[in-house]
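Please take these sequences and the hints and turn them into a complete structure.
Top to bottom, those sequences are chains R and S.
Here the first sequence stands for residues -9 to 171, numbered as in our numbering.
Here the second sequence stands for residues 2 to 103, numbered as in our numbering.
Because the hints were derived from the structure by calculation, they are not lab data.
All C-beta atoms in this analysis are idealised placements derived from N, C-alpha and C, irrespective of residue type, glycine included.
It is possible that some hints are incorrect.
[Stated by the list, open to error] Distance condition first, Cα-Cα at most 20 Å in a straight line; then the derived SDA-like pairs of lysine to any residue:
| hint | chain 1 | residue 1 | chain 2 | residue 2 |
| --- | --- | --- | --- | --- |
| 1 | S | Lys3 | S | Ser54 |
| 2 | S | Lys3 | R | Glu(-7) |
| 3 | S | Lys3 | S | Leu55 |
| 4 | S | Lys3 | R | Val(-5) |
| 5 | S | Lys3 | R | Val(-6) |
[To be verified] Partial chain R-side listing against chain S, Cβ under 10 Å, derived:
| hint | residue |
| --- | --- |
| 6 | Leu34 |
| 7 | Phe134 |
| 8 | Leu144 |
[To be verified] With beta-carbon atoms standing in for the labels, derived distance ranges:
| hint | chain 1 | residue 1 | chain 2 | residue 2 | range |
| --- | --- | --- | --- | --- | --- |
| 9 | R | Glu139 | S | Ile81 | 19 to 29 Å |
| 10 | R | Val143 | S | Met2 | 43 to 53 Å |
| 11 | S | Thr5 | R | Arg158 | 51 to 61 Å |
| 12 | R | Asn16 | S | Met2 | 38 to 48 Å |
| 13 | R | Val146 | S | Thr5 | 35 to 45 Å |
| 14 | S | Thr5 | R | Val92 | 20 to 30 Å |
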Amino acid sequence: MSEVVIFFIMASIALCAALGVVLARNPVHSALLLVTVLISIAVLFIIQDAQLLAAVQVIVYAGAIVVLFLFVIMLLGVDEKESLTEPVKAQRPVAIVLGLVVLAEVLFLAGHQWATGAQQSRGSLQVGDGGNVERVARSLFTDFLWPFEVTAVLLVAAVIGSVVLARRSNKPTIDDEVETS
Amino acid sequence: MKLTDTYFLTFAAMLFTIGAVGFLVRRNVLVMFMCVELMLNAVNVTFVAFSKSLNDISGQAIVFFVLVVAAAEVAVGLAIIVAIFRRRRGGATADDIDLLRG
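Right, here's the structure in full:
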């Protein structure tokens, strides 16, 4: 019973904060509301027996990713005015209608046994020695060893890519060309 | 009243929709990125819900890979944004960046 209460409290906090992320004018407020969403989701992970993921969610998402966001916001300056002109005609109403269609579709799928009734294929959530951490680790380093190695390559590529992109170049930019011509 | 996976799937569907609509509606590049994070988190909630309901640990393992991809995406994406705004002193709107060349 208490699980249901916690779920509804945390889910409503997360949904309200997610709406706030979209609706807030100031990007800093959006980032702070994003932290609220992430921490409520971490609580939802705990009530679903995913203790390790809850910790990782707080450390990696709320700790690293949102701080990176705030860092870039501070670097570029807060820009509160947002153009209301639409380059594509009637983009915003169409986006909202499309969103409602997506919501109906996913809710339809979520309520159906033929879409959600897959069978267990790998190790169990409860059985086995050690806690949640050990079971996730065993799954990562046995069943998912090859994807794990591939993510190492992905991270190296991301590090190199961001260093190359953030490097300062002396070549004239497209803006300079436009201004001089 | 018991907590079934349908609650979590419904919650994830709503969160995903908010993120998707936000991505299409907003013009600020940073807020658009945050909306992508919302969508990724909705998928994570779905994975963990299935992991619980099917009693299968691999759902939780896959969330790790989503986290890694999210971290890599944010690092590269923010580097692109910083590189763009170093070159042009405009506002942080996506509509200004439509030339597709350096």
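>> 19 to 29 Å was suggested as the range; check whether the CB atoms of Glu139 of chain R and Ile81 of chain S agree with it.
In response: holds (26 Å)
>> Run the distance test for Lys3 of chain S versus Val(-5) of chain R: straight-line Cα separation, threshold 20 Å.
In response: holds (10 Å)
>> Between the alpha carbons of Lys3 of chain S and Val(-6) of chain R, is the straight-line distance 20 Å or under?
In response: The hint holds at about 7 Å.
> Given a hinted range of 20 to 30 Å, is it respected by the beta-carbon distance of Thr5 of chain S and Val92 of chain R?
Replying inline: holds (22 Å)
> Taking 35 to 45 Å as the hint, is the beta-carbon distance of Val146 of chain R and Thr5 of chain S inside that range?
Replying inline: holds (41 Å)
> Going by Cβ atoms only, is Phe134 of chain R closer than 10 Å to chain S?
Replying inline: With Cβ-Cβ at 5 Å, under 10 Å, it holds.
> Between Thr5 of chain S and Arg158 of chain R, does the C-beta distance stay in 51 to 61 Å?
Replying inline: holds (54 Å)
>> Need the status of pair Lys3 of chain S, Ser54 of chain S: alpha-carbon distance at most 20 Å?
In response: Given pair Lys3 of chain S, Ser54 of chain S holds - Cα atoms ~12 Å apart, limit 20 Å.
> Is it true that the CA of Lys3 of chain S sits at most 20 Å from the CA of Glu(-7) of chain R?
Replying inline: holds (8 Å)
>> Hint validation: Leu144 of chain R versus chain S, beta carbon distance must be below 10 Å. Holds or violated?
In response: Nearest chain S Cβ about 6 Å off; hint holds.
> Does the nearest C-beta of chain S fall within a distance shorter than 10 Å of the C-beta of Leu34 of chain R?
Replying inline: Nearest chain S Cβ about 6 Å off; hint holds.
> Val143 of chain R and Met2 of chain S, beta-carbon distance inside 43 to 53 Å?
Replying inline: 46 Å Cβ-Cβ, so the 43 to 53 Å window holds.
Consistency with the previously given hints is maintained throughout, with no hint failing.
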